[in-house]
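Participant: Sequence:
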Amino acid sequence: MTLFPGGDSLNIAHGIGEFATAQPHTTAIIDGDRTWTYEQLDARTNQVAHLIASIGLPAKAPVAILLGNRGEYMELAAGLARAGHPFVPLNPRMSASEVDYIMNHSSAQALFLDDALSNVAEGCVAPLKAVYSIDGTTLGQDFEAALAAQSTQHPRILVSENDPFCIAYTSGTTGKPKGVLISHRSRTLQFYTSSIEWGLGTGRRSIAVAPMYHGAGFLFGYTPVAMGGTVSMLRRWDPAELLEMVQRDKAQSIFLVPTHASMIKALGPEKLAEYDLSSLDTIYFNAAALPVALKEWVMEFFAGVDIHELYGSTEGGIVSNLRPKDAARKAGSVGHPWYMTEVRVVDDEGNLVPPGTPGELFSRSPFLMNGYLNDEEATAACTTDDGFLTCGDIVIVDDEGFISIVDRKKDMIISGGVNVYPRDVEEQIVVLDSVIEAAVIGAPDETWGEKVVAYAVLKPGQSLSMEELDAHLRQSLAGYKIPRELYILETLPRNASGKVVKTDLRELYASK
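Under my numbering, think of the first position of the sequence shown as 1, with each following residue one higher.
It should be emphasised that the hints constitute simulated quantities derived from the structure, not laboratory data. A portion of the hints provided could be inaccurate.
Below, in silico cross-link-like pairs of lysine to any residue (SDA-like), each with a Cα-Cα straight-line distance of 25 Å or less [claimed, not checked]:
(1) K325 / H260
(2) K325 / S278
(3) K330 / I264
With the hints as extra help, turn the sequences into a complete structure.
Facilitator: Structural data, given as structure tokens:
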């Protein structure tokens, strides 16, 4: 269907309009006791677009969204896309100063927020053109009242497929977060390829598990709606609530990060036996490395479910995928390159490395970012003249072309002139029955330059001494990889995507 000359076929909102015509009464979104059909979602998407147009913002001015997982997130993202304004996703768990930084850096001109989060946004609303509040009016205007006054017809605003639909701020594991400019074309093609790979489309039922403000959370939450399926919104992370939702809504596919799987496992066999998960046929993992021992449990507990392990980034989209047929024999790998994706692995001088040799991964695909907002230097530092991008990850590619993540280049430890990859050590620590999770960092050492330091989170009632850890690790690791110090924490510091923030651990170590 051509909506108008130069229509929006590679606009992220296009699929909603298509399915509003093809299957208007099919449920698109389930949010508790509320549902949206495709006809309703399309109409409200149009109303959001008209509402934004009525404010009189400059063309392409960013608009921020401060919401948890709820149905309104879909209509806001789609409505802003139709109006030609990129949205800036804000993490509801941010402090007021963190929200203020992103609002200022992105030059956001308007804000949609959950009224319950007004306290973290009140300091940044004064210069905004408009503020709309959901479930209350502590700040700004009532969203539903403002929406009701708008037309439900398509706004017919020309939006280039190369324009950003989103300015997604990185997790900030290595410094201040940077604004990643992601185009309509990039993400729409990601929707299409995800649909091809996992059958996400008409008749498929999924759950938005990860936060929608996070890149992978948005991709796997929004793709089912963009492709004609049904998505249930998990408002807050709770492993039991997720399993109840799978049972109630007969969900077929879910996206998880390894931390989610660990918390599901922690429910214990007796509790897990209460749920009927027979509808589930696909789980895709991303955002952080899935430890081999945890993956083995996942494959055992979710027997018969296709397990995919992905590698990607906000900047580069999906880069690779390990398919179910290879999940067991290639445990520890993140698979082959994704659709339309080229990869190359190079040494510090930029030379290609042979199979089996660690090197920095670069990828080139239609899914790459446009660049970092107002930061040409950072953009240039991670891209090449021929269109490849790196996020600084060290990988090994084997003789069959399977990619395995060794570690982040910035996290690599050099002890006595020898490279130590933290993930190698972490994988062996979590084998211990007493350990839930572990993280390894490098710390200054007068003799060796850097020494290995381990942090661990233990199961309730368990203990672990440095001597016990040393004895265990010497069975599988070279002596130079053995941690010289061990610290026990209640939790590891993590960002919105579930990745351990090792800069926080380094600061914690430096402060002791």
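Participant: The structure should be examined with respect to each hint, and the outcome stated for every one.
Facilitator: Going through the hints against the structure:
no.: 1; hint: K325 / H260; in the structure: 23 Å, holds
no.: 2; hint: K325 / S278; in the structure: 20 Å, holds
no.: 3; hint: K330 / I264; in the structure: 23 Å, holds
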